[in-house]
Each structure stands twice: as C-alpha cells, then as structure tokens.
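*Asks:* The lines below spell out each chain.
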Amino acid sequence: MPQQMTGAEMVIQALIDQGVTDIFGYPGGAVLPMYDAIFQQETVRHILVRHEQGATHMAEGYARSTGKVGVVLVTSGPGATNAVTGLTDALMDSVPIVCLTGQVATPLIGSDAFQECDTVGITRSCTKHNYLVKSVADLPRVLHEAFYIAQSGRPGPVLIDIPKDVQFAMGTYYGPTEIEATRHKSYRPQVEGDTRLIEAAVDMMLRAERPVFYTGGGVINAGPEASQHLRELAELTGFPVTSTLMGLGAFPGSNPQWLGMLGMHGSYEANMAMHDCDLMINIGARFDDRITGRIDAFSPGSRKIHVDIDPSSINKNIRIDLPIIGDCGRVLKEMVRIWRSKTNQPRTEAIAPWMKQIDGWRAKNSFGFQNSSTVIKPQYAVQRLYQATKDRDVYVTTEVGQHQMWAAQHFPFEMPNRWMTSGGLGTMGYGLPAAIGVQVAHPDALVIDIAGEASVQMTMQEMSTAVQYELPVKIFILNNERMGMVRQWQELLHGGRYAHSYSESLPDFVKLAEAYGGVGIKCDDPAKLDDAIAEMINVKRPVLFDCLVEKHENCLPMIPSGKPHNEMILPDFKGDVGKVIDAKGRELV
Amino acid sequence: MNAHLQATGSVYSLAPETQTPERHTLSVLVDNEPGILARIVGLFAARGFNIDSLTVSETEHEKGLSRITVVTVATPKVLTQIKLQLERLVPVHKVHDLTAEGKALERELALVKVASTGEPRAEALRLADAYRAQIVDATTESFVFEITGKPSKIDSFIAIMVPLGLVEVVRTGLAAISRGPEGM
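As they're listed, the protein sequences go chains Z and U. Here my numbering is used: the first residue of the first sequence is 1, the next is one more, and so on. Here my numbering is used: the first residue of the second sequence is 1, the next is one more, and so on.
One should not assume that every hint holds.
Sample of chain U residues at the chain Z side, in silico, Cβ under 7 Å [said to hold, decoys possible]:
| id | residue |
| --- | --- |
| 1 | G42 |
| 2 | A46 |
| 3 | N50 |
| 4 | L84 |
| 5 | Q85 |
| 6 | R88 |
| 7 | V90 |
SDA-like cross-link-like pairs, simulated, lysine to any residue; straight-line CA separation at most 20 Å [stated by the list, open to error]:
| id | chain 1 | residue 1 | chain 2 | residue 2 |
| --- | --- | --- | --- | --- |
| 8 | U | K77 | Z | K185 |
| 9 | U | K94 | U | T148 |
| 10 | Z | K185 | U | R67 |
Quick partial rundown of chain U residues pointing at chain Z, CB under 8 Å, derived from the structure [what the hints assert, rightly or not]:
| id | residue |
| --- | --- |
| 11 | A38 |
| 12 | Q81 |
| 13 | K113 |
| 14 | A115 |
| 15 | G118 |
It should be emphasised that the hints constitute simulated quantities derived from the structure, not laboratory data. Even glycine gets a Cβ: it sits at the ideal position worked out from N, Cα and C.
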C-alpha cells in the first residue's frame with residue numbers, strides 16, 4: 001500500500017524493502033533528516049565510519065563477500081568528495097554499491113552554499129549512474145531503480161544525491177513491488193548468451209589442442225553458481241584454468257588443472273599457457289593491461305572466445321574471434337549442457353602433450369623464493385598465514401602493492417567471494433575498511449587484511465570503527481618499511497634512485513593498536529612466526545600484526561612492462577634487473 | 001592471425017582493422033533527463049574520442065526522449081567502441097551509426113551576417129538567392145541570411161560571402177535521419 005511519509009523516511013523504508021540490513025556512513029548537516037529516520041528504527045544497522053572513503057571500501061568488502069549491494073550514506077560537500085575514491089574503485093572492479101549523499105536544499109543549489117559541491121557532476125564519471133533528486137515524488141522510483149541498476153548487467157556504483165528539503169518533504173512512498181518503474185524503463189542488459197554462439201564456442205573447444213580457460217571477476221559477480229558451472233566445465237573438458245586477480249576463488253586453488261593467477265606477477269605456467277595456447281576461453285575477464293602485457297605480442301597463435309556481460313569489453317584491447325554477450329553463469333551453464341550433448345569424454349588424450357608442456361613450465365616453480373632463517377621473507381609469512389588458517393572459514397582482503405601480489409600468489413582459495421582486493425584502480429588503503437565490511441557481513445568468520453605498512457596508514461583510522469563495533473579483523477602487515485612496489489620499479493627503471501619510497505618515521509604499530517583499543521602483535525623472527533600468527537587468530541578483537549619482513553625483496557616473477565608473456569623475469573634471474581626494461585617499456589605504468 | 005574465424009552472426013561482429021579515420025554520424029536516442037548531455041560529452045572527453053559536431057533536442061515529449069546527433073572522426077575499431085560505450089550509459093536507448101547504415105539525410109542551418117554596400121551588397125543578395133538563403137534581418141549596410149542544407153552547401157555559401165563582407169556565422173550543427181520507411 002502506498003504510504004505518506006517524508007523523503008528521509010522513504011530512504012530508510014526503501015533500504016528495508018530492498019533487504020538491506022547494514023549501511024556504512026557518516027552524518028553531517030545535509031543528511032540529518034535521514035539520520036533521524038535511522039534513529040527511529042532498528043531494522044537497518046548503521047556502521048559509523050571515521051572517513052567516508054572507509055565507508056565506500058567497507059561497502060565494497062560487504063558487497064564482494066556477499067553478492068549483495070553495499071550501501072553508503074554520507075553528507076554533502078566533503079562527505080561526497082571523500083567518497084569519490086571508493087566509488088571509482090567500485091566502478092573499476094564492478095562492485096554493486098548504492099551511495100546516498102545529502103545535498104544542500106534545492107533553492108540553495110548553485111549558490112556556493114556551505115558544504116555544497118556539484119556531487120552529480122563530480123561523480124558522473126566514477127559511477128555507473130547517478131541521480132540528483134529534486135522532487136520527493138521521484139524519490140521512491142529512483143531509490144528502487146538505483147538498486148536495480150547497481151546489480152544488473154555489469155554491476156557498479158550508483159549515487160543518489162538528495163537535497164535536504166527533499167528529505168523533509170512529505171510524499172507518497174511505493175515499495176519495489178508496487179511500481180512499474182522499479183526496473184529502469186529502458187536499461188535491460190543482455191544476460192542470456194546466444195545459443196548458436198555458445199555452440200560455436202563448444203565446437204572450437206572440441207577441436208582445441210592447446211586450450212586454456214582465462215577467467216575473471218565476471219565469474220565471481222555472476223554468483224556462486226557460476227563458479228560451480230566453471231568447475232563442472234573444467235572437469236568435463238579437462239582444460240587448464242587460470243584467472244585474473246579479480247577472479248581468484250572461482251576455481252579451487254588445490255585443483256590439478258589450476259595454473260595459478262596470470263598476468264604481470266602471475267605464474268610462469270599461466271602466462272606461458274596464455275602465450276602458446278591455440279584456444280583462449282575468456283570468461284568474464286577484460287584483457288586488462290596487467291594481463292596482456294604487450295598487446296601486439298599477446299597470445300599470437302590463438303583463437304579467442306570472450307564471454308562478457310559488457311559488450312564494450314569485446315574487442316576493446318584484444319581482437320576476439322567469437323564474442324558471447326551474457327551473464328557468465330548462464331553461458332557457462334549452457335556450455336556444460338552443450339558439451340554434454342556432444343560428448344561424454346574430456347579431451348584428456350588430445351591435450352596430453354599440452355598438459356605435459358604445462359607441467360614443464362610448472363616445474364620452474366616461478367613463485368619460489370630463497371627462504372631465510374634470520375629474517376622473515378614476506379612470501380613465507382603469507383604461506384604460514386595460509387597454513388594456519390586454511391581449515392577455517394577465512395576471508396582475505398589486501399591493500400595494494402607487493403604484499404597484494406604475494407597474497408595472490410601464496411594464499412590459494414577454494415571458494416568464490418573469499419578474496420577482496422582493489423584490482424582496477426589499485427587503491428592503497430582499501431584492505432582495512434574492506435575487511436571491516438566483510439566482518440560486518442560475516443561476524444563469525446576469520447577476516448584478514450594482508451597489508452603493507454604504507455597502504456594501511458592511508459585508512460588506519462578505521463581501526464577505531466572496528467573497535468567500536470567489536471569487529472575482530474586481523475590486519476596482517478608485511479612491514480618492509482618501504483613502498484615495496486614503488487621501490488621495486490625504481491630499481492627496475494630508475495637506477496635504484498629510491499625517491500620517497502621509504503618511510504623515515506613509522507608508528508609503533510603495537511602501541512597504535514593499543515591506542516585504538518585493539519591488540520598489537522609484533523614479530524621479526526621466522527622461528528616465532530607460527531606462534532604469533534596463532535595468537536593473532538585466537539584473539540577475538542581487532543589486531544594489528546606488525547610482521548617485520550625482508551626490506552628489499554622483489555616481487556617475482558614479473559612480466560616487465562613492454563614485454564610479452566614469454567619474457568618473464570623469474571625468481572632465479574641472475575642479471576641486472578635494472579637493464580631488463582627498454583626505453584619504450586619505461587613509459588608504461 | 002585471428003581473421004579465419006569471423007561472421008558468427010553476432011551483432012558485435014568485428015570491425016575491419018584499418019587505421020584510417022573516417023567521419024561518421026551517430027544518432028543517439030536518450031532519455032531527456034538532467035545531465036544527459038554532460039554524460040555524453042563527458043564520455044567522449046574521458047575516453048579521448050573526437051566530437052566534430054553535436055546537436056541535441058527533445059524529439060518525443062510524451063516519452064521524454066531526446067535525439068542527439070554526433071559527428072565524430074575515428075578508426076573503425078574506435079567507432080565500434082564509441083557506439084558500445086554510448087550504449088553502456090544507462091539513459092541511452094539506442095545508438096545508430098547512420099553513416100555505416102547507408103546514406104542518411106544530413107541537414108544544417110546557418111545564420112550568416114554580411115555587411116557591405118554598393119556592388120558587393122548587390123552581389124551578396126544575388127548569391128543568396130541562388131543558394132535559396134532567406135533574408136531574416138536587413139539594415140542599409142547589412143544582411144543576416146538564413147541558409148539550410150547539407151554542410152557542404154553551407155561551407156560553400158560561407159566561403160563565397162567572405163569577400164563580400166562576411167561578419168560572422170552561427171551554425172546549428174548537424175541533424176540527420178535515415179532514409180526510407182524504417183525509424184530508429
């Protein structure tokens with residue numbers, strides 16, 4: 001039944017009707033009516049953050065670990081501008097977010113009022129869609145539409161800017177089932193793949209001799225069933241599987257067909273398989289430059305199938321032989337059905353020489369490293385963390401840099417939605433708030449942020465949020481007192497001139513944790529690492545774990561910028577890494 | 001390398017890989033909502049696409065639809081991206097590449113101010129008549145002509161007015177529509 005209520009009450013009612021149970025926000029002048037509405041109900045729980053960027057990353061962590069829409073509520077002006085980084089991050093990584101911002105009252109818009117900014121103008125290019133709601137009559141439709149747009153097609157962030165007078169105005173509220181316009185009037189992404197094209201794809205797969213599945217975040221976004229279909233298809237075909245950073249967990253890390261992550265810091269076997277394959281089956285990945293390396297030398301001998309829900313991803317970077325537009329889960333399901341209708345046999349025999357070749361590459365042990373008994377190697381720390389937590393219900397987030405890549409290399413996943421990282425935008429400071437968002441969604445799970453000491457300081461204030469809501473996130477800091485990836489690139493490209501890539505004054509992380517009301521643990525001895533990790537896991541409070549690691553470890557293997565997949569720097573490289581990249585490669589990021 | 005498997009019937013079939021930029025006219029059907037023009041223009045700016053001309057106006061008031069005509073210069077591969085990126089925008093209903101779909105009708109309107117006296121003034125008047133330009137303002141020493149037609153016709157009219165005392169020109173940009181019975 002349509003009800004009369006204020007705009008602010010409509011917002012909360014719409015959240016309830018959309019099944020939202022938790023939102024992340026920070027109050028301010030332009031959102032006071034909405035906070036008043038929050039105060040008068042108990043269905044939606046509000047998590048008070050310490051900075052609006054934290055709210056957006058929490059919503060991302062919440063969304064990526066549940067498949068639900070993450071919701072952010074912030075005030076006008078600085079509240080909105082502080083949210084921009086997280087919105088951009090969510091856009092790049094296709095995370096469904098609804099961000100509600102307050103705005104100055106409609107008569108004041110454009111007058112340079114206090115805490116006014118052009119929120120829809122600023123966020124137009126960092127949201128999937130955004131709205132400025134100037135009349136309370138439009139509000140119910142816009143609210144429901146925003147949830148529809150955020151999670152349909154390629155997911156992304158949607159922002160609704162609500163002026164303060166609209167929040168106070170009385171109007172008629174309609175629930176999502178009561179109005180036709182709950183779905184947008186024209187936005188209808190194609191989700192069903194074209195059966196003829198899927199058949200053509202299966203025919204190509206049935207003839208392939210050197211196939212590889214290259215999967216991405218699209219499989220995760222398509223829901224847990226998509227991962228099941230991928231596993232089934234891999235078993236039916238016998239084909240090897242690699243994945244982008246965003247797609248880790250869709251295929252089990254323990255499966256013998258698993259090649260490890262591909263790309264700039266991916267495994268040798270995954271990158272060589274991509275380079276030498278005769279059929280590449282891309283499921284929900286977008287040929288990002290971290291994956292392709294040099295485009296004109298990318299997988300020169302292969303035919304390429306690309307399954308994506310976003311038509312603009314097709315042929316954007318790499319020419320595709322067979323594009324299939326649709327939801328990865330539905331297309332994978334169809335592939336399984338059609339494969340079954342044609343054969344009961346995997347192509348084990350036909351691809352045996354290929355698998356043997358892959359085993360040869362695998363034998364290079366490209367994630368290998370020289371361990372030490374005196375200093376903790378960062379890779380070793382991640383491996384021990386994995387060993388200590390693998391039998392638990394564990395979720396991992398990361399910041400951005402070397403530690404992120406080491407986590408991706410050495411912490412395998414068996415399930416989707418367990419790995420939250422900032423891939424596209426590469427946002428330092430993502431991991432700590434994302435972990436908090438994950439913990440809000442999964443209160444009993446073990447949630448670990450594998451962090452670097454530089455990144456984590458960008459959003460450190462959210463420790464206070466974790467303590468306030470008793471969210472026992474574990475911040476596992478690989479502390480090399482360096483911005484490790486920047487340092488590594490300076491070694492590779494700038495003659496080892498380490499301009500500003502180290503920290504001359506770091507906080508005492510143990511004392512810092514205690515100052516926030518959390519627990520601090522410090523470890524610098526490989527022999528004591530396991531005990532320290534066990535202590536961290538057993539503490540039921542937020543922990544900052546200061547793991548002092550080797551300061552100059554390079555993250556390898558690596559495809560140097562401007563090089564193709566088959567020219568990786570492997571861990572046993574003996575030459576001068578400063579001479580690997582030529583002048584042209586140096587221009588690339 | 002990958003050219004041996006083509007024409008799978010997909011609407012997203014491959015654009016030929018040439019590097020020659022071509023001028024294309026796109027017709028974009030959009031919801032007439034605040035900010036839509038900024039969205040379109042912002043997309044072109046953010047992704048480094050060119051806009052040669054842009055015309056926008058509401059065309060179907062009851063349905064709240066506007067038609068935007070964009071003239072752009074790009075390689076075939078980039079043209080495909082432009083179309084697909086435009087279609088990604090939530091308020092965009094359809095994008096048609098009128099140039100690719102066949103010879104479209106293209107019209108533009110210009111107002112041309114010419115100030116002169118004596119023989120040049122008389123010559124300007126005669127030429128305006130030849131081009132079927134209307135006089136929409138006149139003083140003893142100036143005219144404003146209104147001229148409609150293909151952009152090439154307007155270009156030529158403007159060029160011919162230069163020596164006859166051309167003061168200034170405004171042009172609407174292109175309006176284009178496909179030929180034949182089919183609508184968008």
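*Asks:* Taking the hints in turn, state whether each one holds.
*Replies:* Each hint, compared with the structure:
For U/G42, the interface hint holds, the least distance from its beta-carbon to any beta-carbon of chain Z being 6 Å, beneath 7 Å. About 5 Å separates the beta-carbon of U/A46 from the nearest beta-carbon of chain Z, less than 7 Å, and the hint is met. Taken as an interface hint, U/N50 does not check out: its beta carbon lies about 18 Å from the nearest beta carbon of chain Z, beyond 7 Å. Contact between U/L84 and chain Z, as hinted, is supported at the beta carbon level, the nearest pair being about 4 Å apart and thus within 7 Å.
The restraint placing U/Q85 at the interface with chain Z holds, with a minimum CB-CB distance near 5 Å, inside the 7 Å limit. Interface restraint check: U/R88 against chain Z, minimum CB-CB distance 5 Å, threshold 7 Å, status holds. Against a cut-off of 7 Å between C-beta atoms, the interface hint on U/V90 holds, since the closest Cβ of chain Z lies about 4 Å away. Of the pairs offered as hints, the one joining U/K77 and Z/K185 is violated, with about 30 Å between alpha carbons and a cut-off of 20 Å exceeded.
Annotation: proposed proximity of U/K94 to U/T148 is violated, straight-line Cα distance about 27 Å (limit 20 Å). At most 20 Å may separate the alpha-carbon atoms for a hinted pair to count; Z/K185 and U/R67 meet this at roughly 17 Å. Evaluation of the U/A38 hint against chain Z yields a held restraint, the C-beta minimum of about 6 Å falling below 8 Å. For the restraint placing U/Q81 at the interface with chain Z, the shortest Cβ-Cβ distance is roughly 6 Å, inside the 8 Å limit, so the hint holds.
For U/K113, the interface hint is violated, since its Cβ never comes within 8 Å of a Cβ in chain Z; the closest pair sits about 34 Å apart. Taken as an interface hint, U/A115 does not check out: its beta carbon lies about 39 Å from the nearest beta carbon of chain Z, beyond 8 Å. A hinted interface residue such as U/G118 counts as satisfied when its beta carbon comes closer than 8 Å to some beta carbon of chain Z; here the least separation is about 51 Å, so the hint is violated.
Of the numbered hints given earlier, the model fails hints 3, 8, 9, 13, 14, 15; all others are met.
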